[in-house]
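Visitor: Okay, here's what each chain looks like letter by letter:
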Amino acid sequence: MAALRQLWSTIADRHGLGVAVFIGVAVLFWVLVLIVLPQLAMFDVSLRHNLPRPEIGGPADVYTLKNYSYFLFGNGALNTLDIGVLVKTLIAAVIVTLLDIVICYPIAFILAHSATGVAARMMVIGLIVPFWINDILRAFAFRILFGATGVINGIGQALGLWSSPIDFIRADVALYAGLAYTYTLLMVFSIYNAVETLDRNQIEAARDMGASWWRVHWRVVLPVAKPGIASGATMVFMLTAGALAAPQILGGPSNLWFTQIIYQWFNDAGDWQRGSAYATILLVVCLAFVFLMMRVFKVSIGAIGR
Amino acid sequence: MNTRDVVLEHVSIRFGNYRAVENAHLSIRGGEFFSFLGPSGCGKTTLLRCISGFVQPSEGRVLIGGKDMRNVGPNKRPTALIFQNLALFPLLSVAENIAFPLEVRGVGRKERRKRADELLEMIALPGTGDKKVHELSGGQRQRVAIARALAAEPDILLLDEPLSALDLKLRQHMRTELRAIQQRVGLTFIYITHDQGEALTMSDQVAVMNAGVVEQVGDPQTIYNRPKTPFVASFVGETNAIPGAVMNQQGALVTLDTALGPLTGQSAGGRDYQAGERCTLFVRPEQLALADAPPATNAIAARRVNEEFEGSIRTLFLNANGVDLRLYRMNADASGPALAADGTASIWFRPEHATVLPADPSRSG
Ligand SMILES: Nc1ncnc2c1ncn2[C@@H]1O[C@H](COP(=O)(O)OP(=O)(O)O)[C@@H](O)[C@H]1O
Ligand SMILES: [Mg+2]
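Top to bottom, those sequences are chains A and B.
Quick note, the first sequence lines up with residues 7 to 312 if you use the working numbering.
Quick note, the second sequence lines up with residues 3 to 367 if you use the working numbering.
Calculated directly from the structure, the hints in this document are not laboratory data.
Glycine included, each C-beta is placed from N, C-alpha and C at the ideal position.
Careful: at least some of the hints might be erroneous.
[Claimed, not checked] One side of the interface only, derived from the structure: several residues of chain B facing chain A at Cβ under 7 Å:
id, residue
1, 77
2, 83
3, 89
4, 106
5, 166
6, 167
7, 219
8, 222
9, 311
10, 345
[Said to hold, decoys possible] The calculated DSS-like cross-link candidates involving lysine-lysine, where the alpha carbons are at most 25 Å apart (straight line), are:
id, chain 1, residue 1, chain 2, residue 2
11, B, 116, B, 134
12, A, 232, B, 133
13, A, 232, B, 134
14, B, 112, B, 134
15, B, 133, B, 112
16, B, 116, B, 133
17, A, 232, A, 304
18, A, 72, A, 94
19, B, 69, A, 304
20, B, 171, A, 304
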């Protein structure tokens with residue numbers, strides 16, 4: 007609280023009271039109206055029964071945990087179907103996140119420490135362009151790319167690498183590739199931000215003392231990149247676990263993403279209460295997982311905010 | 003051939019069309035304290051990086067211990083480089099920093115710690131092994147960087163202006179310390195600096211660089227007393243430059259016709275001059291002296307412009323027929339010859355204390 011008051015007076019002194027009031031209102035609006043209130047409303051809805059319109063606000067409109075217990079137990083025994091989908095979604099999100107770390111760490115490192123001028127700008131443009139293309143279009147493009155008669159199968163067969171078309175959609179290759187591709191920019195920039203602060207001389211000093219490239223990265227670069235990797239991984243993981251269009255379009259027929267179940271409750275079943283409960287569950291489980299990972303890898307929240 | 007010898011054979015280094023180092027050709031004996039001295043941007047760091055293997059010579063070769071270092075990476079050379087900004091690892095502890103070269107070689111954790119503690123003892127920082135680098139002062143970090151470089155057990159230690167970030171007192175203390183460490187460990191130290199005081203006090207040999215060119219190599223006395231080029235004469239120490247034309251030469255002594263009358267000095271390196279050749283005579287402020295009676299040679303009639311008291315010495319700023327001169331007087335000599343009441347003085351210098359160099363630098367040396 008004292009820190010907040012300090013911040014307030016600093017801004018007011020430096021930029022005038024008007025600016026301070028604007029920033030105060032904007033931050034309050036951001037935190038309360040855009041972050042806290044919708045979540046609270048959603049949480050409130052998730053604790054209610056799915057009642058017909060006239061009964062809302064009536065005596066039957068009481069709080070209940072049945073939407074949450076339905077996720078755990080369904081209509082009887084353990085709800086293995088929904089729990090399974092959640093677990094599968096989390097595992098898939100972890101895989102996509104790891105893929106992005108592996109792909110983006112070298113890119114970010116080169117961008118920060120080797121690429122100059124035109125090469126660096128080309129790399130950045132190459133990373134930004136995917137964001138110009140909307141989600142749905144991108145997903146369908148990947149469907150075509152990985153389809154039975156798509157470019158990948160075409161090239162692979164033409165080169166004689168495999169003889170009959172591989173079903174990349176059913177194997178979820180298209181889905182993982184599409185999701186990983188979508189979020190590379192976030193990961194690259196997060197890692198870049200951290201790695202860029204590394205003094206080149208430290209890399210050279212390590213080299214000079216006889217370290218192999220592998221050790222230079224393990225001992226010198228990775229520790230500096232860690233907060234960046236953590237912040238990138240958090241974003242990619244959250245966004246992947248919460249993705250809807252890509253799994254819908256690129257997911258194999260047998261593959262269900264947890265967001266698709268949420269979507270079904272809201273839209274197909276018209277049960278907003280259960281949908282809200284499922285959305286809350288996804289949020290809480292993802293947050294818990296992220297915090298657990300931060301514990302395991304000894305990253306502090308403060309380091310991510312940098 | 004000593005494993006600690008370094009030889010540069012006609013080394014030139016270019017970045018695109020820019021010539022950072024031009025034909026550096028010299029040898030550094032094992033166990034020597036060798037300095038490269040030159041103004042900022044003259045290519046010192048580039049040359050040092052070339053010796054350590056981060057930059058490849060565009061022409062010529064680098065030999066260490068008689069072996070050609072072409073295609074030998076920085077991690078495979080017997081050199082350890084101390085960077086201008088030290089480049090200590092901020093996320094590692096002091097002991098981990100020092101033991102890093104040992105870790106690289108697969109030395110066990112216990113042994114590493116033991117060695118780090120020994121080195122901390124040596125640099126007079128015992129018990130700081132568990133601190134983080136940022137908890138140390140500038141001078142302490144400096145010493146940790148030296149310890150880390152020594153832990154690599156190199157044959158040659160390369161130091162890139164390691165004292166430039168320290169304050170004056172600490173810098174002077176570290177000069178003595180560095181020299182002492184060098185004599186204790188007996189390694190070849192190759193030291194880079196733009197500070198002539200550092201180069202002269204610490205080095206066995208000094209190479210003076212200007213715009214990528216090594217202009218003179220020699221021991222500090224020779225560099226100071228017998229500069230071979232106008233640049234060396236004016237960059238190393240204070241000097242008075244008096245332009246003129248050659249009148250005659252008798253052995254090593256050359257007499258110039260200058261605005262101050264005929265003045266005689268020593269020909270650099272025993273070079274022969276032609277009559278009428280444009281030359282400059284360089285004489286140090288401490289070699290100029292006030293005279294009681296006009297002396298027979300090199301007498302200059304000068305007028306006082308200003309003077310500065312600097313503790314042990316007093317600088318007299320003089321003007322003689324349009325040429326500015328400065329003269330140092332020890333304050334202990336205050337009883338000697340003095341300025342006349344009207345501020346005029348007769349000053350002189352010994353011919354062997356002045357150096358005559360061709361005015362056209364391309365004809366020097
Ligand atoms: N990698 C490089 N690419 C292009 N120019 C460089 C590079 N490294 C150094 N230079 C140039 O070479 C010149 C000498 O630099 P440097 O060796 O650092 O000088 P010093 O250490 O004597 O101050 C400078 O003009 C610098 O801009
Ligand atoms: Mg330099």
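Visitor: Mind listing which of the numbered hints don't hold for this structure, in increasing order?
Guide: Per hint list: 5, 6, 7, 8, 9, 10, 19, 20 violated.
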